[in-house]
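Chains as they are written, first to last, in full-length UniProt numbering: chain A, 1 to 344; chain B, 1 to 344; chain C, 1 to 344; chain D, 1 to 344.
None of these hints come from the bench; they were simulated from the model.
Just so it is clear, the structure is predicted and the values come from calculations on it, not from any experiment.
Among the hints, erroneous ones may be present.
Since the list can't tell identical chains apart, any single copy or any two copies may satisfy a pair.
Below, simulated DSBU-like cross-link-like pairs (lysine-lysine); rule was C-alpha separation at most 35 Å, straight line [to be verified]: (1) Lys116 to Lys338; (2) Lys39 to Lys125; (3) Lys43 to Lys268; (4) Lys262 to Lys120.
There are 4 protein chains.
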Amino acid sequence: MRVGIVGATGYGGAELLRIIHSHPHFEISSLYTSSQQGKDIHKHYAHLTGIIPSTLEEINPIKMAQDTDVVFLAVPTGVASQLAPELLSAGCIVIDLTGDFRIKNTEDYEFWYKRKAASKEWIDKAVYSLPELNDSSIEGSQFISNPGCYPTATLLGIAPLAKAKMLKEGSVIVDAKSGVSGAGQTISLGNIYSELNENLKIYKVNHHQHIPEIEQMLKQFDYNSPITFQTHLVPMTRGIMSTIYGTAEGNLTEEEIWQLYKDFYTDKPFVRVRDIGVFPATKEVTASNYCDIGISFDERTGRVTIVSVIDNLMKGAAGQAVQNANLVFGFEETAGLKFSPVYP
Amino acid sequence: MRVGIVGATGYGGAELLRIIHSHPHFEISSLYTSSQQGKDIHKHYAHLTGIIPSTLEEINPIKMAQDTDVVFLAVPTGVASQLAPELLSAGCIVIDLTGDFRIKNTEDYEFWYKRKAASKEWIDKAVYSLPELNDSSIEGSQFISNPGCYPTATLLGIAPLAKAKMLKEGSVIVDAKSGVSGAGQTISLGNIYSELNENLKIYKVNHHQHIPEIEQMLKQFDYNSPITFQTHLVPMTRGIMSTIYGTAEGNLTEEEIWQLYKDFYTDKPFVRVRDIGVFPATKEVTASNYCDIGISFDERTGRVTIVSVIDNLMKGAAGQAVQNANLVFGFEETAGLKFSPVYP
Amino acid sequence: MRVGIVGATGYGGAELLRIIHSHPHFEISSLYTSSQQGKDIHKHYAHLTGIIPSTLEEINPIKMAQDTDVVFLAVPTGVASQLAPELLSAGCIVIDLTGDFRIKNTEDYEFWYKRKAASKEWIDKAVYSLPELNDSSIEGSQFISNPGCYPTATLLGIAPLAKAKMLKEGSVIVDAKSGVSGAGQTISLGNIYSELNENLKIYKVNHHQHIPEIEQMLKQFDYNSPITFQTHLVPMTRGIMSTIYGTAEGNLTEEEIWQLYKDFYTDKPFVRVRDIGVFPATKEVTASNYCDIGISFDERTGRVTIVSVIDNLMKGAAGQAVQNANLVFGFEETAGLKFSPVYP
Amino acid sequence: MRVGIVGATGYGGAELLRIIHSHPHFEISSLYTSSQQGKDIHKHYAHLTGIIPSTLEEINPIKMAQDTDVVFLAVPTGVASQLAPELLSAGCIVIDLTGDFRIKNTEDYEFWYKRKAASKEWIDKAVYSLPELNDSSIEGSQFISNPGCYPTATLLGIAPLAKAKMLKEGSVIVDAKSGVSGAGQTISLGNIYSELNENLKIYKVNHHQHIPEIEQMLKQFDYNSPITFQTHLVPMTRGIMSTIYGTAEGNLTEEEIWQLYKDFYTDKPFVRVRDIGVFPATKEVTASNYCDIGISFDERTGRVTIVSVIDNLMKGAAGQAVQNANLVFGFEETAGLKFSPVYP
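For reference, chain A alone in the conformation it holds in the complex (with noise of 0.2 Å):
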């Protein structure tokens, strides 16, 4: 399979990239742009020189849609609202990792993202898809929308408990942390070395645009209350950690809840449950497609803490669209992604 990637120049786009360069299906047919055409990528990734010879080309979707059998829109929010509509009209697949056909309700999405929602339209359209969570299969969709990082960290670890109905409402509380990558290249006074290095950040205070998206989902758990969601800075460049607090409902123990996890993601090959008083550290699936999850139940308290930690440039980013355009085109899920952690 051919695959274009639209946006190879940021982080998300260089791990495409490097799974894409090992993955037994697709090959990489082009990389697009829209400001850089003409440069070889490996002017902008030292790291890619000599494994990925290809030259930016400019977007044109009627040839896209000629020369690539999957296009990942690997571009900035925004971008892609107007972008992908214009492909999938031309007749491109496409998996879209941006925020921009996520949120279903347009009022949400403009509230959050404080910026115009695509059309209502090519928002029906597009697939929600993550992938462990889905209720019927995406073989054979034309457009998928790609989950956020957060969002997929934290939903993970939740949903057992929400969709068994026994998380209770306005319980939740999560507390999520982020390497710094997931800012991407911005260049921003914030964004540099040394206001980082050494640093922990709260950022956006009950202002997150991943919040719509984590309650959309939960909705269709029949979890309906707000969720408090606080985003944090980790001087480290990879990984997402969600620490989710909330109440139990039907006086569960430790194992029943644990029980419970283990049941859930039984047959799902990238979330590892760890045992009964087993975290996760993220560094622990860095460079990787897995989710690892631990689970505890305070008695004190009633309270149940789920740890949930993934790669927010794989399984937050790039190597889920990966396994969504594996499911889109019947390919074992794992096909490409069966990696080990790059550790230490």
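Using the hints, position chains B, C and D against chain A.
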């Protein structure tokens, strides 16, 4: 005033040396050790070469009472439970940086610390002093129990609301994050660079020994529920952030809550309440005695989020110990502690 | 091919597991340990949960010869000097990642390593193989001595000039820098996070045990002077950079020197000589088997500066060991090693 | 003494504020800016909240001459070439932290800095002062040119041998490494966290603008050859290490060389020559004005290796500037600079 330090080779001890070296009223008289007698401190801490010429001496309570006006115990928890009473009996004034005399209920201590409590007699004599929250003066006290790092950040963040009886019972969740120096010079696989770098971990889930210290103080404020308190290890050397979640009673607006904090800390030189919408990062207090606080109220959920940051070795240990010593001797509270944070 | 690994709990072992897990011709058969028999590898390395199910077995040369086609020794230096001969005598094919068989002169080994050398008989049988610099094929060899991390980066950086006899005798100075994982899981004060983070150290000044390994190879190139070689510890987990200074004979221009390198490595898939004026950074080879080289000639001083970077755990250890194993068995040199560096 | 700072929003400016805040003889009078008039400094540097209340003022030489006793120029290189003469003409005493007046030969400046030199008249008036190496007192000087960070570490490391005429011509190679704060708050792709973290880079190969500054001083010591000087970026915020290689004349032993250094710096409070066999690490001088030096002689090669470390923002910029200001006004050289390094 002549200062003796027991445990100068730990990181808390190193910070005491740094502060007292520039303190207008204290000077380092002697350094004591249980295991490295005769060694020069700069063999252990090369950064002190030429600054602190002291040779480590063996512990001798009678001699220490003669040679010092105040002794700081910067020893591992457990050591002070025996040592402090010996020093106090010999007539020393003692500032104890360990956890051994913080918990008034010995059963609680033994449950959480998993070790034998100090004698109840001496525990009762110890004055737990988190200066900004003290009800009465500690001037002239002989025995101060210095608070833990997490309790300092957390209690300063929560006290204004709690003391105002505006925190809903059962609503408090604290998601705390610390730099690695909190583990001191512990030599273990879990503390080596390659295991911690580029990694984020949760640890002591539901079992951190600082929980009873926080709850003990909250009870004094008439908040009587157990709290959920989780701790995370962040890949940086210094800094603690407590992200505190709670539900406020009384229909306060964000501005009213913020005003409550501003008023509460109006005469407290080491607490800086940030403007509404501004949140502190840990590096903004590095190497200083400040505790910086940011406040947010979310109308969607009715929850308050308080962010409180300190340098764990300073306001969380050595800085607060010197602040307490200043108060014991009737010096200005800020003596020797007025320096700016080190940034970047 | 069935692979056995002795020392899988070290970082070199962890990388072997990662590579072999995705290798087309090798599969992990057994993991051996001298001290942790019966333990599951994922108790030590949680990142391998669900990937590498093996339980650690005790070392038994006879059984190992039956159960494996090749054994990698990723043990501490000193252990292999005894173990390798036992395994070889039992019929194993052995790739030794330690320093024990690299130095052909046992006096030199004992001077630099400060320990007893292996028996001269077995040292003579060991084939030292830095593949890009080998004079003859190693296919069918039973016993490979895998080069050290610093020698790999340094020799690949220096070989084209040295083999061309264009390096002035006595002119070579190597300023080498390494990430911390080179120290493995050594549990010592000097290896803990707070001591190494935000810190840059020089170590083993004039006494690093990799000096005789580099000089031994240089002598094969007819460069016979001792080199100045200093090593520094950089606060990062992975990566080695050798900055190599020397004086070139023969009035070559920068372009001619560069062309010499391009030609020398023209058929070497893992060496990437960068364009003139472009220099590699360590992260551009992270988690890959590449060695990237940049070249500069300074007309003011007549000196050449060569920059050579590798991932110390990959091309500097496990990656090169697998590369050697590929060659021993006649597989394609790049089998299982073609993956892209992980960036950022 | 009333201090004015131009460029307080840079990292050098931040350090000046930190030092002067605790200085016994200086106090911050005014902060000046070319672009952010009216802004509170704590809007830029939250760590200064409540400490330094100043509002940024516009640059006005006449007013500055009235309002201050000394002005520090912590502006980007290039800005001082115009500004310093204006301030000096208006009667200000000026300590210039930029490179604009360091190079006495304007052709050299223009070659290395790739920009127009300041007027020769003012360059000649500027007193280049690296205090430990000054030949005469600078008390009463109106215009001080403060040395660069790399030249400070390098020249202090090399001066005892060079001044003793014991360095072989043509033998000096300096491999210098710096933390990232040396790049200041430069907002560029190359300066963002994810590009620099876990990465080691060489930069400005053979072209660093600090080369002529070092060579200019070496010529004063009668060492007349060009030096090889390479600079590397290390993933840490602060610290410079210069590893200096040279050949010593005169058959000195290691102990004799070491004694030469001890004698040379015997009355210099900020230079700490370590014991033989002991080498400084950068963190051992963090946030202090010390320069620590380690010395080694290798009999195998006849080469000396000198290791010199400083905090680039302190002894490499703001600390040395205050040291110079102390000397200009006849204060004790160490006034306001006696504090201990911050460790860990």
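Broken hints, by number: Structure breaks hints 1, 4.
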